[in-house]
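**Q** Protein chains in written order, with this note's numbering: chain A, 292 to 643; chain B, 292 to 643.
Among the hints, erroneous ones may be present.
Identical copies carry no separate label here, and so any pair may be met within one copy or between two of them.
SDA-like cross-link-like pairs, simulated, lysine to any residue; straight-line CA separation at most 20 Å [to be verified]: (1) 601 <-> 346; (2) 606 <-> 293; (3) 601 <-> 360; (4) 606 <-> 564; (5) 601 <-> 324; (6) 601 <-> 355; (7) 606 <-> 584; (8) 606 <-> 390.
Think of the hints as simulated: they come from the structure by calculation, not from any bench.
Protein chains: 2
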Amino acid sequence: MRMEPIVERVAERTGLPLNARTVERVLRALLGHHDFWEIVDAADEVVPIVAETIRVLDEQGWLRVEPHGIFLRESARETLEREWGLRPLPDFRCLACEGRGIDPLRLPSEGIETFMAIQAERPRAIIDYDQGYITPESTLARFAFAFMRGDIQGRRVLILGDDDLVSVAICLMGAPQEVVVVEIDRRLVEFLEYWANQMRWPLTVHQLDLSQPLPVSFLRAFDTFLTDPPESIAAFRAFVGRGLAALRGPGSAGYFGLTRREASLFKWHQVQRYLIEQGAVLTDVVQNFHAYVNWDYAPKTRAWRLAPVKSLPDKPWYRSSLYRIELLTEVVGEVDTVFDVHTFNDAEASTT
Amino acid sequence: MRMEPIVERVAERTGLPLNARTVERVLRALLGHHDFWEIVDAADEVVPIVAETIRVLDEQGWLRVEPHGIFLRESARETLEREWGLRPLPDFRCLACEGRGIDPLRLPSEGIETFMAIQAERPRAIIDYDQGYITPESTLARFAFAFMRGDIQGRRVLILGDDDLVSVAICLMGAPQEVVVVEIDRRLVEFLEYWANQMRWPLTVHQLDLSQPLPVSFLRAFDTFLTDPPESIAAFRAFVGRGLAALRGPGSAGYFGLTRREASLFKWHQVQRYLIEQGAVLTDVVQNFHAYVNWDYAPKTRAWRLAPVKSLPDKPWYRSSLYRIELLTEVVGEVDTVFDVHTFNDAEASTT
Numbered sequence: 292m293r294m295e296p297i298v299e300r301v302a303e304r305t306g307l308p309l310n311a312r313t314v315e316r317v318l319r320a321l322l323g324h325h326d327f328w329e330i331v332d333a334a335d336e337v338v339p340i341v342a343e344t345i346r347v348l349d350e351q352g353w354l355r356v357e358p359h360g361i362f363l364r365e366s367a368r369e370t371l372e373r374e375w376g377l378r379p380l381p382d383f384r385c386l387a388c389e390g391r392g393i394d395p396l397r398l399p400s401e402g403i404e405t406f407m408a409i410q411a412e413r414p415r416a417i418i419d420y421d422q423g424y425i426t427p428e429s430t431l432a433r434f435a436f437a438f439m440r441g442d443i444q445g446r447r448v449l450i451l452g453d454d455d456l457v458s459v460a461i462c463l464m465g466a467p468q469e470v471v472v473v474e475i476d477r478r479l480v481e482f483l484e485y486w487a488n489q490m491r492w493p494l495t496v497h498q499l500d501l502s503q504p505l506p507v508s509f510l511r512a513f514d515t516f517l518t519d520p521p522e523s524i525a526a527f528r529a530f531v532g533r534g535l536a537a538l539r540g541p542g543s544a545g546y547f548g549l550t551r552r553e554a555s556l557f558k559w560h561q562v563q564r565y566l567i568e569q570g571a572v573l574t575d576v577v578q579n580f581h582a583y584v585n586w587d588y589a590p591k592t593r594a595w596r597l598a599p600v601k602s603l604p605d606k607p608w609y610r611s612s613l614y615r616i617e618l619l620t621e622v623v624g625e626v627d628t629v630f631d632v633h634t635f636n637d638a639e640a641s642t643t
Numbered sequence: 292m293r294m295e296p297i298v299e300r301v302a303e304r305t306g307l308p309l310n311a312r313t314v315e316r317v318l319r320a321l322l323g324h325h326d327f328w329e330i331v332d333a334a335d336e337v338v339p340i341v342a343e344t345i346r347v348l349d350e351q352g353w354l355r356v357e358p359h360g361i362f363l364r365e366s367a368r369e370t371l372e373r374e375w376g377l378r379p380l381p382d383f384r385c386l387a388c389e390g391r392g393i394d395p396l397r398l399p400s401e402g403i404e405t406f407m408a409i410q411a412e413r414p415r416a417i418i419d420y421d422q423g424y425i426t427p428e429s430t431l432a433r434f435a436f437a438f439m440r441g442d443i444q445g446r447r448v449l450i451l452g453d454d455d456l457v458s459v460a461i462c463l464m465g466a467p468q469e470v471v472v473v474e475i476d477r478r479l480v481e482f483l484e485y486w487a488n489q490m491r492w493p494l495t496v497h498q499l500d501l502s503q504p505l506p507v508s509f510l511r512a513f514d515t516f517l518t519d520p521p522e523s524i525a526a527f528r529a530f531v532g533r534g535l536a537a538l539r540g541p542g543s544a545g546y547f548g549l550t551r552r553e554a555s556l557f558k559w560h561q562v563q564r565y566l567i568e569q570g571a572v573l574t575d576v577v578q579n580f581h582a583y584v585n586w587d588y589a590p591k592t593r594a595w596r597l598a599p600v601k602s603l604p605d606k607p608w609y610r611s612s613l614y615r616i617e618l619l620t621e622v623v624g625e626v627d628t629v630f631d632v633h634t635f636n637d638a639e640a641s642t643t
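Using the sequences plus the hints, can you model the full thing?
**A** Structure (structure tokens):
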């Protein structure tokens, strides 16, 4: 059983645009639901596509349409789960606010505890690498979000800079196929390698400066990337642009943080235009999703010099938004551009 | 005291892009906070702009910078609150998920109760106007979201189609300067006019078919628009495009719902490209923010005809995302285009 013939058949019959990820979303929904309306809801795809996909699967003997619901046949379920590695999507929507937020405390408590224990031993942030990192709760929330969107389990995941330790959360709880981290800081590389060995995670770590190109073997090789770039347009292209170039193609997804503390809405507009032109659609923009741990080097920053009152912050004040993009076409991204690291800062920046 | 000289001075000294809304966000933050880092956090603007705005305000005698914080002078506070109508922003972030979601139950309980009582008497949805409407909790959440972003209190608000009754929530709890609703359905027009008279709200309602242009007096006249268009690109231009044309200019904001039940990510991409090209930035894209009340006319819809199993949904399955955009430049939008209502449907649609 293969995906492509289903995609083609559904496209032919509906005349609507779709890709393999579209059909995959319907298949995952079928793994967890039997009611047609619940399947549409879980798949997040248009009704005519969901209905036609079910019809094609029915014709090919993958499922039974019965008066009380739609049921995958046991053989199809086994293929999907064992051969294709698809599982129903987990649900971490916040129960208090009707799912408008994400609640990482719905993750397995054992995983949360192990993550908290590991991250407590992490190397401290240093100013050399613009390393202000997010709170462990924010890392868990970012992981939970990506997991829920179907971008972690069974996926090849690339992390460009991992001072937030999202690879640890992914390996502990996300059942990825493989995680690759590129990271400039020797201390973090060693920290992650230690835990990867200790825990036998499918995690490899490469020491790499992202002003330089990624290894050629990384191009078009990943399903998902995550990154948290410095806030200049050049840095955005170096981190997110390389992330885009590392994605397999249509249906692949990317995540990044973008703050308003160092990036005006004018810069946001430039970033969004770049993504749209690259053939990516913005599926999520969640304001102030991440809170940052106040960094030890605060008094060395431009923000400190600019502050009219010289008192250290006593609670999180630096937040960033979470963006998720999904590719609709083949992209170029940034393949071999070398960036001058000095362009990773600009006049809106203030924390280095 | 005027806004423009402050904007110009800050722009001159920082060399950074900003507009009156930028300075307004800093001023609102100053109304509620004294710690510099909290002010930056609440303002959601870049550190150099916030610092320079404070310096300019200090020079002009609006505030005092003291060792323990930054304090607006009483005279400045009075001007801001009485003459400019600015108040500190309310906070409805969900306490359970660290503010990643919005919790409308943090709205004043009396307001919620009155809203629930009024909406219980609303005219039912009819298929003629593609009226599936969102749950009252979703309306409250949308209102709370816009209120929290500073787009309701003291604003001139335009609502293009109000089967969701968001005008009722706004008038009950949002202290707007003025609310104007355009609505095609005579029953809703009368319902809203009845309550506007009864409660002496600053609300006017116009019966209007949005395939037709808005009255000329609506152009460039509003601070905020809210709408929930049918899902074709033509309908998007008719509703959101007219909303854009009705906005005053840079710093004005718009809200709309967009579902994935009737709009693929390919259509999302077209919508986003249109907005970016119009000079709008996407500040928020929150997936599945709104849940819809299952409509009585479900068996008359295309979705029903497409459904492989003919059973009525027994819980919400139709959701839509919330978009917020903010203008960075003057826009054109849709001024005098007349649309054929038949183009409000397309091949991805299924609920009419």
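**Q** Report the numbers of all earlier hints that the structure fails to satisfy, in ascending order.
**A** 2, 4
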